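K.L.:
Construct all of the structure, not just a fragment, from the sequences and the given hints.
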Amino acid sequence: MAKIGLEVHVHITSLKTKLFCSCPSHYAGKEPNSVVCPVCLGLPGAIPVPNKKAIEEAIKVSLALNMQISDKVVFVRKHYFYPDMAKNYQISQYDGPGTTPVAKNGFIKLRNGKTIRIRRINIEEDPAKIVYPTGSLLTSKYVWVDYNRSGIGMLEIVTEPDIEDPKEAREFLEKLRSILEHLGTCDCTIEGSMRVDVNVSVPGGERVEVKNIGSIKGVEEALKYEIARQEALISQGLPVKRETRHWDDVRKVTLPSRYKEEETDYRYFPDPDLPPTTITENWIKSIASSLPELPDARIRRFMVQYGLSEYDATVLVMDKGLADFYEDVLKIYYKPKEVANLLINDYLRWINEMNIRPSESKAKPEYIASLLKMMEEGVITIKIVKEILSDVVKGSDPRKLVEERGLTALRDQEFLMEVIKQVFAQEPDAVEKARRDPKVVNYLVGQVMRRTGKRADPYLVNQLVRKMLEG
Amino acid sequence: MIQEIQRNLTEGRLDPESYVEAYYVRIERREAKVRAFITLRPMEEVIEEVKRSVERLRSGRHGRLEGILIAVKDNISTMGIRTTCGSKMLETYVPPFDATVIERIRREGGIIVGKTNMDEFAMGSTTETSYFGPTRNPWDLSRTPGGSSGGSGAALAAHFAELALGSDTGGSIRSPAAYNAVLGLKPSYGTVSRYGLIAYANSLEQIGPMARNANDLEVLYSVIAGPDERDATTVSAVLEKKEVRLNGLRLGVLDDMMEVSEKPVKSVVNDVLNKLSSEGSELKEVKLGYLDYALPAYYIIAMSEASSNLARYDGVRYGYSSGEEGLWTDVYSINRGAGFGWEVKRRIMLGSFMLSAGYYEMYYIKALKIRRLIYDNIASILKSVDLILSPTMPILPPKIGDVINDPIRLFAMDVNTVVANLAGVPAISVPAGFHNGLPVGLQAIGPYLSDYSLISFARELEKITGYRDLTAPE
Ligand SMILES: [Zn+2]
Numbered sequence: 018m019a020k021i022g023l024e025v026h027v028h029i030t031s032l033k034t035k036l037f038c039s040c041p042s043h044y045a046g047k048e049p050n051s052v053v054c055p056v057c058l059g060l061p062g063a064i065p066v067p068n069k070k071a072i073e074e075a076i077k078v079s080l081a082l083n084m085q086i087s088d089k090v091v092f093v094r095k096h097y098f099y100p101d102m103a104k105n106y107q108i109s110q111y112d113g114p115g116t117t118p119v120a121k122n123g124f125i126k127l128r129n130g131k132t133i134r135i136r137r138i139n140i141e142e143d144p145a146k147i148v149y150p151t152g153s154l155l156t157s158k159y160v161w162v163d164y165n166r167s168g169i170g171m172l173e174i175v176t177e178p179d180i181e182d183p184k185e186a187r188e189f190l191e192k193l194r195s196i197l198e199h200l201g202t203c204d205c206t207i208e209g210s211m212r213v214d215v216n217v218s219v220p221g222g223e224r225v226e227v228k229n230i231g232s233i234k235g236v237e238e239a240l241k242y243e244i245a246r247q248e249a250l251i252s253q254g255l256p257v258k259r260e261t262r263h264w265d266d267v268r269k270v271t272l273p274s275r276y277k278e279e280e281t282d283y284r285y286f287p288d289p290d291l292p293p294t295t296i297t298e299n300w301i302k303s304i305a306s307s308l309p310e311l312p313d314a315r316i317r318r319f320m321v322q323y324g325l326s327e328y329d330a331t332v333l334v335m336d337k338g339l340a341d342f343y344e345d346v347l348k349i350y351y352k353p354k355e356v357a358n359l360l361i362n363d364y365l366r367w368i369n370e371m372n373i374r375p376s377e378s379k380a381k382p383e384y385i386a387s388l389l390k391m392m393e394e395g396v397i398t399i400k401i402v403k404e405i406l407s408d409v410v411k412g413s414d415p416r417k418l419v420e421e422r423g424l425t426a427l428r429d430q431e432f433l434m435e436v437i438k439q440v441f442a443q444e445p446d447a448v449e450k451a452r453r454d455p456k457v458v459n460y461l462v463g464q465v466m467r468r469t470g471k472r473a474d475p476y477l478v479n480q481l482v483r484k485m486l487e488g
Numbered sequence: 073m074i075q076e077i078q079r080n081l082t083e084g085r086l087d088p089e090s091y092v093e094a095y096y097v098r099i100e101r102r103e104a105k106v107r108a109f110i111t112l113r114p115m116e117e118v119i120e121e122v123k124r125s126v127e128r129l130r131s132g133r134h135g136r137l138e139g140i141l142i143a144v145k146d147n148i149s150t151m152g153i154r155t156t157c158g159s160k161m162l163e164t165y166v167p168p169f170d171a172t173v174i175e176r177i178r179r180e181g182g183i184i185v186g187k188t189n190m191d192e193f194a195m196g197s198t199t200e201t202s203y204f205g206p207t208r209n210p211w212d213l214s215r216t217p218g219g220s221s222g223g224s225g226a227a228l229a230a231h232f233a234e235l236a237l238g239s240d241t242g243g244s245i246r247s248p249a250a251y252n253a254v255l256g257l258k259p260s261y262g263t264v265s266r267y268g269l270i271a272y273a274n275s276l277e278q279i280g281p282m283a284r285n286a287n288d289l290e291v292l293y294s295v296i297a298g299p300d301e302r303d304a305t306t307v308s309a310v311l312e313k314k315e316v317r318l319n320g321l322r323l324g325v326l327d328d329m330m331e332v333s334e335k336p337v338k339s340v341v342n343d344v345l346n347k348l349s350s351e352g353s354e355l356k357e358v359k360l361g362y363l364d365y366a367l368p369a370y371y372i373i374a375m376s377e378a379s380s381n382l383a384r385y386d387g388v389r390y391g392y393s394s395g396e397e398g399l400w401t402d403v404y405s406i407n408r409g410a411g412f413g414w415e416v417k418r419r420i421m422l423g424s425f426m427l428s429a430g431y432y433e434m435y436y437i438k439a440l441k442i443r444r445l446i447y448d449n450i451a452s453i454l455k456s457v458d459l460i461l462s463p464t465m466p467i468l469p470p471k472i473g474d475v476i477n478d479p480i481r482l483f484a485m486d487v488n489t490v491v492a493n494l495a496g497v498p499a500i501s502v503p504a505g506f507h508n509g510l511p512v513g514l515q516a517i518g519p520y521l522s523d524y525s526l527i528s529f530a531r532e533l534e535k536i537t538g539y540r541d542l543t544a545p546e
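Going line by line, the protein sequences match chains A and B. The working numbering applies: residue 18 is where the first sequence begins, and numbers increase by one. The working numbering applies: residue 73 is where the second sequence begins, and numbers increase by one.
Keep in mind the hints are simulated off the structure, nothing from the lab. Some hints here could point you the wrong way.
Computed spacing ranges between beta-carbons, pair by pair [claimed, not checked]:
(1) K258(A) with T401(B): 16 to 26 Å
(2) S307(A) with R133(B): 44 to 54 Å
(3) T401(B) with K20(A): 50 to 60 Å
(4) Y447(B) with E377(A): 29 to 39 Å
(5) N477(B) with L250(A): 42 to 52 Å
(6) P479(B) with D88(A): 38 to 48 Å
Listed next, the in silico DSBU-like pairs over lysine-lysine satisfying Cα-Cα at most 30 Å (straight line) [unchecked claim]:
(7) K95(A) with K438(B)
(8) K95(A) with K417(B)
(9) K89(A) with K441(B)
(10) K471(B) with K417(B)
(11) K121(A) with K441(B)
(12) K471(A) with K33(A)
(13) K121(A) with K438(B)
(14) K89(A) with K438(B)
From a predicted model like this one, the values you see are computed outputs, not experimental measurements. Cβ atoms here follow ideal geometry from the backbone N, Cα and C, with glycine treated the same way.
P.N.:
Next up, the structure:
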């Protein structure tokens, strides 16, 4: 069994400005180095000023993760030289003499009841982004630095090493992400808004850190790879040494870091430009009283209100976008179980296939409602529903699709009787058997469906076949 | 003499050209020896600005500093005018923004005449560690003007400008004020924005006004003081102007500071104390205690913060670059190795050491405790007296080259001044007199936010000493 700890870095995407200056915090699609000012460029004489909203977001997350919240926010400087650092120190938080993280000692509960402890939450600034001109660190002779990201407000959420396998890590991260999205703190669909460092060791080996994994799927894959690699070493009697590795998301392997990581002394000390901000009981209370519904409560409500199983409710709620979408569909078409089934079984498959998050789907709630309504009315078959769902996810109106492509179910009895007669003529044996064995009826129905390109209304075909057998 | 200048410009007794030329003639004659400026603005530009000021003066809608020439220490960011911090590292650095104080000065019509010399990154007490060479004291060219705002002090003593800005981390305004026979205020911490001040030791330093008389000092302070949303350490308290009267004023004379001062300094200061006494002030000996610890505590905090503040200078985006190519680690080392002078490197090294794991508690945390004790002692002394007096500097202005290679003596010069920085309280240096033609300054420390009382005290003192608008003879 492996021992896994996670360090999750999330952008506080709900902020309008960066953590310590008034630059806009949304830089997607902007010219490199166009969203900058003296503060986030670290120019001489520039002074950071804390974004109060960021502290509020940190308190929200701390409440949702059952943390003990500090009575003050102290920012410290974490010193190390690196080309992505505007000041060659990062403004962060630290648990040390005279300083404290914004919150400590929380937890998240997994589905099976297991508790994953959270050690602390830090508020910190993101460094600038390093861009490799060739796209790769190995072949680039120099790098570009884009300071648009420099100074973006982040939360660092650090767990205890309570996670035991890659699946648990995935579940933990999905739940954390759902909590952050329900709070509105982080829209994790934004590229680069969630990055994870993992610490993983297997019995008999040292702890290995894998840095900078960009997706939850990536974390699961990296952990699987890393555990297999470490176990293979140990089974061959080779040592697993303590090191830092990187996840190569293309080749799906972890690689040793190019630079030898020395034991760095970060020389933490409180940033003298940033006087501590007091967190009063009243402030916490007012934030707590305005917290939105969180995933656990929403799952329970889905079970009670909509009669869903715990599993279905969990799948929906683990993605806030999907759960919101689900409830939007119900507003127009109130068949909770049918809608849940379609979303969980078919809709999600296309979403995953397209490698997007549910909130990025272009399907409107009306579309899903129309699909189910048309099926209920016998206008289309379940087969057609499944067939056109991928286009619906891409934004096509199902009613138009059905019309344009002529996908309405065949309900013309005369025509269907013609087909049934043909099938009966070609399958005399089956017809014989079907008279005795009702199971074979389905075979005949299937043959009719095949000849109609599965467009026939299966209920009607079934009725007609039975009639023919009896008659 | 802001008022007089503005009146003369308004009424046409003084035309912009001859007004500005008078300063530039003095600069022309003496600057080659004094070397107060790192960057001097072209006279024509300054004349143009003065002409616009005169128009505003005559329209009746003008700023408080309209038309006044101000020398600015070269660690205060000025948009479009290079700001070197006295370092090779920033020799060609031109800030793309104005410090808050510069914005406020410009808004009130003040005109920057040039950027003044200073110890490199303000690390020094004599203006000798400047990459651009030392500034000399106009009162005695063989001596230093004090530091680190030595250029600003000398510029006022030679009357190259009417007002000046300095910055004071451990005495850097008061030392050159004392050695140049001008006035300098280290404001209460948080009353003047540091936005745009190139940091040496953030928790200790303030930008402050320097002037040739108390009235001018007050005007400049009132312009630059006030909260700033770009500096979270500024305070929103509104400071009220307060007049003090010497008669009945309770003055504590710091015994331990008098003791460490050399004889000539003591005797000049004692003369002033006697004058104050005959004006009806109540003098009383007080003791600070912990003076032996004040200097080490001060230097530990200053160097620790400095080592952090100066990390950003890697020569990649701005500042000195060797032009070398190679691994970034090597390039950084080469740039920093060549861009910083020795005193700066010494303080970065010591500061880095004192912040490192295992030593942090031994040095930095302990220094903060001493800081607290000193604040408490000052506060308790100020319960029984209105102001605390001492010599500003314990010694007369040293000869150039005399203390610069002896860090212990160099650091010891700051013993009387660092206390106010550690405690965050305001302190002023006022001309007290002369010894063999060498200026001696009197320091007054007041309660937190009593800045205007200190200026008022300076004004009263001026009346009895007559030391105002002094210019060092050529
Ligand atoms: Zn910015």
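K.L.:
Can you confirm whether the C-alpha distance between K95(A) and K417(B) stays at or below 30 Å?
P.N.:
holds (20 Å)
K.L.:
For a C-alpha distance cap of 30 Å, please report whether K121(A) and K438(B) respect it.
P.N.:
holds (27 Å)
K.L.:
Quickly compare the C-alpha distance for K89(A) and K441(B) to 30 Å and report which way the hint goes.
P.N.:
holds (20 Å)
K.L.:
Holds or violated: K121(A) with K441(B), Cα cutoff 30 Å?
P.N.:
Judged against 30 Å, a Cα distance of about 27 Å means the pair holds.
K.L.:
Under the criterion that the straight-line Cα-Cα distance not exceed 30 Å, is the pair K471(A), K33(A) satisfied?
P.N.:
It is violated: about 52 Å lies between the C-alpha atoms, which goes past 30 Å.
K.L.:
Go ahead and decide if the range 29 to 39 Å is satisfied by the Cβ distance of Y447(B) to E377(A).
P.N.:
Because 57 Å falls outside the window, the suggested range is violated.
K.L.:
Kindly confirm whether 38 to 48 Å is satisfied by the beta carbon distance between P479(B) and D88(A).
P.N.:
holds (41 Å)
K.L.:
Under the criterion that the straight-line Cα-Cα distance not exceed 30 Å, is the pair K95(A), K438(B) satisfied?
P.N.:
Roughly 20 Å separates the two Cα atoms, so the pair holds.
K.L.:
Indicate whether the distance between the beta carbons of K258(A) and T401(B) respects the range 16 to 26 Å.
P.N.:
Taking Cβ atoms as reference, K258(A) and T401(B) lie about 23 Å apart, which means the hint holds.
K.L.:
Holds or violated: K89(A) with K438(B), Cα cutoff 30 Å?
P.N.:
holds (22 Å)
K.L.:
For the pair we were handed, K471(B) and K417(B), check the Cα-Cα distance against 30 Å.
P.N.:
Holds, at about 24 Å.
K.L.:
For T401(B) and K20(A), compare the CB-CB distance with the range 50 to 60 Å and indicate the outcome.
P.N.:
Once the Cβ atoms are compared, 33 Å apart, the range 50 to 60 Å for K20(A) and T401(B) is violated.
Consistency with the previously given hints fails for numbers 3, 4, 5 and 12, ordered from lowest to highest.
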